[in-house]
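**Q** Order-wise, the sequence lines are chains V and Y. Going by UniProt numbering, the residue at position 48 of the first sequence is 48; the numbering climbs one at a time, nothing skipped. Going by UniProt numbering, the residue at position 149 of the second sequence is 149; the numbering climbs one at a time, nothing skipped.
Because the hints were derived from the structure by calculation, they are not lab data.
No more than 25 Å apart at the CA atoms, straight line, and that leaves these computed lysine to any residue pairs for SDA-like:
hint, chain 1, residue 1, chain 2, residue 2
1, Y, LYS121, V, THR52
2, Y, LYS121, V, TYR8
3, Y, LYS121, Y, PHE234
4, Y, LYS121, Y, ALA146
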Amino acid sequence: MRPFALNYARPAQQLEVSVPYAYDSRLQLNVLPDGRLAAHDYAVLRDLGATTSTAGSKTHFDD
Amino acid sequence: MTVLILTCEQDVTADMVVAELDGSGVPVVRLDPADLPGPVALSGEYVHGAFRGHLSAGGRMVSMSGLRSVWVRRPGVPATRAAEPSDWLSEETSQALYGMLRSTDARWMNHPDAARRARHKPWQLRLAQRSRLPVPATLITTFPQAARDFADRFPDLVVKPVSGAHPQEPPRAVPTSRVAPDADFSAVAYGPTLLQRRVAKRADIRMTCVGDRIHAARKAVGPDADPDEVDVRFATSDTTWLPVEPPPRVAAGVRTYLREAGLAYGAFDFAEDGDGTWWFLECNQSGQFGFVQIESGQPVARSVADWLAAPGPDPVPSNGGRAWLLEGH
Numbered sequence: 001m002r003p004f005a006l007n008y009a010r011p012a013q014q015l016e017v018s019v020p021y022a023y024d025s026r027l028q029l030n031v032l033p034d035g036r037l038a039a040h041d042y043a044v045l046r047d048l049g050a051t052t053s054t055a056g057s058k059t060h061f062d063d
Numbered sequence: 001m002t003v004l005i006l007t008c009e010q011d012v013t014a015d016m017v018v019a020e021l022d023g024s025g026v027p028v029v030r031l032d033p034a035d036l037p038g039p040v041a042l043s044g045e046y047v048h049g050a051f052r053g054h055l056s057a058g059g060r061m062v063s064m065s066g067l068r069s070v071w072v073r074r075p076g077v078p079a080t081r082a083a084e085p086s087d088w089l090s091e092e093t094s095q096a097l098y099g100m101l102r103s104t105d106a107r108w109m110n111h112p113d114a115a116r117r118a119r120h121k122p123w124q125l126r127l128a129q130r131s132r133l134p135v136p137a138t139l140i141t142t143f144p145q146a147a148r149d150f151a152d153r154f155p156d157l158v159v160k161p162v163s164g165a166h167p168q169e170p171p172r173a174v175p176t177s178r179v180a181p182d183a184d185f186s187a188v189a190y191g192p193t194l195l196q197r198r199v200a201k202r203a204d205i206r207m208t209c210v211g212d213r214i215h216a217a218r219k220a221v222g223p224d225a226d227p228d229e230v231d232v233r234f235a236t237s238d239t240t241w242l243p244v245e246p247p248p249r250v251a252a253g254v255r256t257y258l259r260e261a262g263l264a265y266g267a268f269d270f271a272e273d274g275d276g277t278w279w280f281l282e283c284n285q286s287g288q289f290g291f292v293q294i295e296s297g298q299p300v301a302r303s304v305a306d307w308l309a310a311p312g313p314d315p316v317p318s319n320g321g322r323a324w325l326l327e328g329h
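With the rest of the complex left out, here is chain Y (with noise of 0.2 Å):
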């Protein structure tokens, strides 16, 4: 039984597990759906009852019941590498990879449907709750005097996208930043704005969870730190990125949220306050963990091959002889 990967070439985060699982002896394909058709290929039938398809990539074919699990990793978007590239033939080829990947009993990090719904922020703030997590006061909207009233209930506030993603004509980065206190908020009704009480942190938490399995890494804010810098990810810091036992109720509220969310994978960003408190910012469904492993010694990447090594469920017996026999009667 083989895993399939669906990343990009330059993934070397994926090169991790790869390694792993070569050492294990478990069989591999790696491909990039942007590849397809191209130096990827498929083939798939639905006959006789029965559905049969295959999948080569770099000489490797497999055959989509011989695959145990699907990571879903660094896809590119299909086709987008094909000889005569457009929207059309990307849709065409989205829904036929995907849709023959559907019809496997393959296990999935992470399944398509749970990944589009988790990247949801409002929605995982609703979760984290629901999973008794400690979520900072939060308002999305495009009210400017919702904005304004919030800001006189908590003063000190941090705006960040609603997505996640950030503007590419031309393209810029909108970090987790800080409200300045006489902040003019009429701009709010020109988009859904996300608002957030700071926590003034001690550490940024990052909590890789692969199945039961959590690597918790705790990253210390510097004595010196700018306390306007208030994402980690822009944040210049001579600190590590060092192992750390969850509190209980932490990892079990992880727990909850990665069941509820029908998630395998799950990277969990939480602020530390000065009481200790972890508080929930976002869940990651496809965060990097490379980074965590390289400077906390954390096995994530072997978490994550032996999830995706791990026994599937009985495959489905051939019945083509059958169905052969019945199509002859």
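If we strip away everything but chain V, and leave its shape as in the complex, we get (with noise of 0.2 Å):
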């Protein structure tokens, strides 16, 4: 009974990942421990790939 479309399913990315910032309020925006944006250090999100088009979200499907 199993949909067509799940014959082509597999194991979810593992998407719980240690990032090396973390959000600071005050300034609504995630930090590097070394003060600077995690916004503006694009290595640091390119080796993440905390902006990418991801698969498998549990929340958001628009990716």
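Need the complex rebuilt from these two chains, each delivered in its own frame; the hints are there to steer you.
**A** Right, dumping it as structure tokens:
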């Protein structure tokens, strides 16, 4: 009784990754340990895939 | 006038826009509805013919009448981080928050009603057709025989979820996948199945549209790419997203699409075939854009910030004092 599309399912990517930045509620921005804004460090964002189009999200499927 | 951003704390793509707004001196309040009630609080009253409401988050207080725009980016489900969460509390909180925000004159990116409709991929396909965008032949069916007949007419097919959602128990992803030539379509009867003619693509196109601004980026399919790797989200590739000028007809088509859909923002996916035709695949009303900006250098966050910061409608004059006088009579 498995729908046809699920014949092509694969394990979801593990999305819970450790990030080197933390949210600063005063700035309303994520900040790196050295105080720089995470959004300005493209190398970090690229490495983490934090801004990419992803699949398998529990809450958001508009990627 | 303040920009309200509804998103989770981990959303670094939203950070890109917050930083732009900060740099322009535009007031911003950022909150996650999951934190309401608790770190986020609200109050609103409908008295004497007027509505007044306030939101507070992170030590900031903003009047509902002081909102110029609302960006629904990656909000959590309301009240899911409350002390005693429940479906009932989430619904109560959702009604209170979004009901009050709907009571304002703020501009939305995107309005919840438009966003909800725009998530329906079958509706997207029809709107794309009406917007004169090329759409690959597509079938959505629960009839196995219809699927077999479609496969006879279009032997090279892909299958993808109708909703774009992925099953969670257990967590799995369902990428757009090439259908085997000898596929057994019997299981089509067990769930609506979206089959689409495979576009033999030479590039993926992402068009990120913000208001009237279009940022088109192109990612070439590598010469060694596996033709069975259809879904760009799962394919491994050494090529990068680069800026590209959209064909005028496609640009006109996406503008028509957004206008008809009532969307201020849309991330369109196209497949470019060997003839250079851009085939519409889908429009994600809240699609990611950070990766496009990082790789292509296109200032998408600046465009989003500009749209959110643009002057809104004239604020409704306060009639509070007058209302009190009327009350006194």
